[in-house]
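Engineer: Chains as they are written, first to last, in the working numbering: chain U, 237 to 339; chain S, 48 to 378.
There is no bait here: all hints are sound.
Some chain S residues well away from chain U (every beta-carbon gap over 12 Å; in silico):
no.: 1; residue: S61
no.: 2; residue: A176
no.: 3; residue: N283
no.: 4; residue: R333
no.: 5; residue: D337
no.: 6; residue: V368
FRET-style restraints, in silico, Cβ to Cβ:
no.: 7; chain 1: U; residue 1: R258; chain 2: S; residue 2: I89; range: 40 to 48 Å
no.: 8; chain 1: S; residue 1: T244; chain 2: U; residue 2: T312; range: 42 to 50 Å
no.: 9; chain 1: S; residue 1: T60; chain 2: U; residue 2: A299; range: 32 to 40 Å
no.: 10; chain 1: U; residue 1: S239; chain 2: S; residue 2: H182; range: 43 to 51 Å
Source of the hints: derived by calculation from the structure; they are not laboratory data.
Note that CB positions come from ideal geometry on N, CA and C, so glycine has one too.
Chain residues, written in single-letter form:
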Amino acid sequence: MSSMIVISATAVPDHLRGALTRWLLEVTPELYVGTVSARVRDELWAAVTACTNDGLAVLAHPADNEQGFQLRTAGTRRREPLDFDGLTLIAFKRESQETAKPV
Amino acid sequence: MTPRPTTTKPLSTSNARRKLAAPTVAMLPRIADSLSFLYLDIVRIHQDDTGVCAEVTTEQRGTETVYLPTAALSCVLLGPGTSITARALTTFARNGTTILTTGSGGVRCYSAAVPESLTTTWLERQTRAWTNDTHRLAIAQAMYELRFGNGTATDGTTLDKLRGMEGQRVKAHYQLLARQYKIGRFRRAYDPASWDTQDPVNLALSSANTCLYGIVHAAITALGCSPALGFVHNGNQQAFVYDIADLYKAELTIPLAFSLHASPNPEGEARRSFRHELRLFQLLPRIVTDIQQLLDPSRTYEGPDPEEQMVDLWDPVTGSVPAGVNHGAQP
Numbered sequence: 237m238s239s240m241i242v243i244s245a246t247a248v249p250d251h252l253r254g255a256l257t258r259w260l261l262e263v264t265p266e267l268y269v270g271t272v273s274a275r276v277r278d279e280l281w282a283a284v285t286a287c288t289n290d291g292l293a294v295l296a297h298p299a300d301n302e303q304g305f306q307l308r309t310a311g312t313r314r315r316e317p318l319d320f321d322g323l324t325l326i327a328f329k330r331e332s333q334e335t336a337k338p339v
Numbered sequence: 048m049t050p051r052p053t054t055t056k057p058l059s060t061s062n063a064r065r066k067l068a069a070p071t072v073a074m075l076p077r078i079a080d081s082l083s084f085l086y087l088d089i090v091r092i093h094q095d096d097t098g099v100c101a102e103v104t105t106e107q108r109g110t111e112t113v114y115l116p117t118a119a120l121s122c123v124l125l126g127p128g129t130s131i132t133a134r135a136l137t138t139f140a141r142n143g144t145t146i147l148t149t150g151s152g153g154v155r156c157y158s159a160a161v162p163e164s165l166t167t168t169w170l171e172r173q174t175r176a177w178t179n180d181t182h183r184l185a186i187a188q189a190m191y192e193l194r195f196g197n198g199t200a201t202d203g204t205t206l207d208k209l210r211g212m213e214g215q216r217v218k219a220h221y222q223l224l225a226r227q228y229k230i231g232r233f234r235r236a237y238d239p240a241s242w243d244t245q246d247p248v249n250l251a252l253s254s255a256n257t258c259l260y261g262i263v264h265a266a267i268t269a270l271g272c273s274p275a276l277g278f279v280h281n282g283n284q285q286a287f288v289y290d291i292a293d294l295y296k297a298e299l300t301i302p303l304a305f306s307l308h309a310s311p312n313p314e315g316e317a318r319r320s321f322r323h324e325l326r327l328f329q330l331l332p333r334i335v336t337d338i339q340q341l342l343d344p345s346r347t348y349e350g351p352d353p354e355e356q357m358v359d360l361w362d363p364v365t366g367s368v369p370a371g372v373n374h375g376a377q378p
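Next up, chain S with everything else stripped away, as it sits in the complex (with noise of 0.2 Å):
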């Protein structure tokens, strides 16, 4: 006996054909559970008559196709070489997947694509913060006690001390990693200019917080907050970023970078560990419910209904009133 499914209706052939080609919110796996990454580079990507395909050259095996998995990922990363039709990429945008374009070997961000089918609420917390200094200032300060711990960043600390002591901490957690695999001195250098004479470690550690970049962006955009109002940093279309990132590095890419000081291919070998720890620490699920914390911290947010109609009027008495209705009628 085949039990028949009770919550969905059945669909017509047409309708089901439509929901496919342009997924409801309701049929893409939330942020959360959705793949972390996924990084290509010398590949031609287009849509085909059903799907996104990259086409990957090899010299062992000529060239071959491998169909994307557009709706389970959460962020692609196109490193140099690639090329994608305008196709594929509205493809990945209605199937909520951040695009970022990088440099070779997912270090450097230069570019993200955003999907438009999003609710627009963390976006207005994080602006209404951002532009009230005392509010800003607290989030700030909310962002160093999340890195240092509880109580250390008290009501009467400035952030211009916050900054010495992040700077400090820093400094001796390489100095400590560093004796511990003895490497004698590490210099944390970035130059992209010389970049295959860096040591492994730096390679590895640019390599390592490109993709946590990467995953910080495609978790920022998916919440539809802007990246680049930071609450830390300033002035970059990445702060807010970078601000999200650092809470993490010295749990995660400093002490992966430094286990690769001797890998002979320290960038990919962080990527790969990089993507395993990934999992382990649940990253992506844990960074939406930092930023939902550090925007909200009375935790009023409750996850919208995918059925809800997504665009209002704003009403500065009762917040919002319902779009798409003639209100020509009222007094």
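Pulled out of the complex, with its shape left as it was, chain U reads as follows (with noise of 0.2 Å):
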């Protein structure tokens, strides 16, 4: 069974952006979108994960979970999935130490 993935690859070397092409769309500079079998995708993102060297990676792919999706991280990052007793948000540093700015 294929299914939707979509990864995000940010500051990753030119022949990786390639290779990512040959299985999946570019829709907007370093964002692919493609329906690939689960095999095909873990195949790609171990190969992704190796090549990430400095820059960042994100992979979203459908999930049995109750959102319904799962994400993958590789490389250095700001941004780190965190799991709320079962429900995963996004945590991330922020540069400066910003103050609420109530509208």
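Dock the two chains into a complex; use the hints.
Structural biologist: If you want it as structure tokens, here you go:
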């Protein structure tokens, strides 16, 4: 069973970008969308994580959980999936310590 | 070629901005489709320029910001150590998210805040049924019947007898599960004062039950019903919540709690697997349908048109007449 996947890759080597376009559509720079089988997805992701270097990559794909999808991340990054008793949200560090700016 | 969307009209930028700030009913996920609950503690929740975010501080990673999907959540449980700004609360209310203030680990539910843009159809049904003793008894019996199976609560069975049946069943259920998991004698104890010294099964059960109360509370308030007007339970602001939650305990929380008898972290584990089961059992849609069926057994209810005007005037003869119209011209 193939399903839709979305890969976002930032500051990754050119050869990786080129390689990804052979499986997926690059709908906007460094954002890839396509439909592949779970096996192909896992193989692709293994290759992506190995080539990410200093950049970062995110994979989102459908999963059998309450949210309906799962996230995987690779590389050095600011944003990290955080688990809240089964619900995944994204945590990130603010560069400067901003305070709330109520509108 | 880009296919053009045919159903939605193009919005002007200012209209679109307004719509995103205060979403219409049509833009929000239906209660049955949304994410069930999010538990937060020891965080600071505030509204920044665009969204609601929680500042999570952990020893390993320092302070991190987490944006909360307000419109996709049906219920947020706020544990101890949480502070939240009025602005953030307003956004939750606008997005139809129920906010519950709970004790540590989601045990105990102290208060709930309800969105104001709700239809009152179900509240009216509930109060009509509640104020009429015959009707109230019929619904209480229907609730027992939902738990014990069809035909168990026939018209002749008194509520007294049904209560007795329930007590025996729960006791037998505990015994059966205790034997199954080989944990000797089990006694249900709920003692918030000596919380940490309780056995894992009691901890898991209290934690899972409170999650269940939270979700049931969210479902009840999402329908616009009153959590205070119970049919079996009485005289408590959460009476109806307890009524509805009781329908699912034997099937959901009790077996789950016993299965965690050896867990090092029974509370968190209970919440996690409870969420998983929640999806398996599709609990929120089920609660909503069960409440609707209890309050409206003949199923005459039709979903409201999201475009429809929400306020009517009451008339003893015709039922309701449109509001916002000057009726002075009529004889």
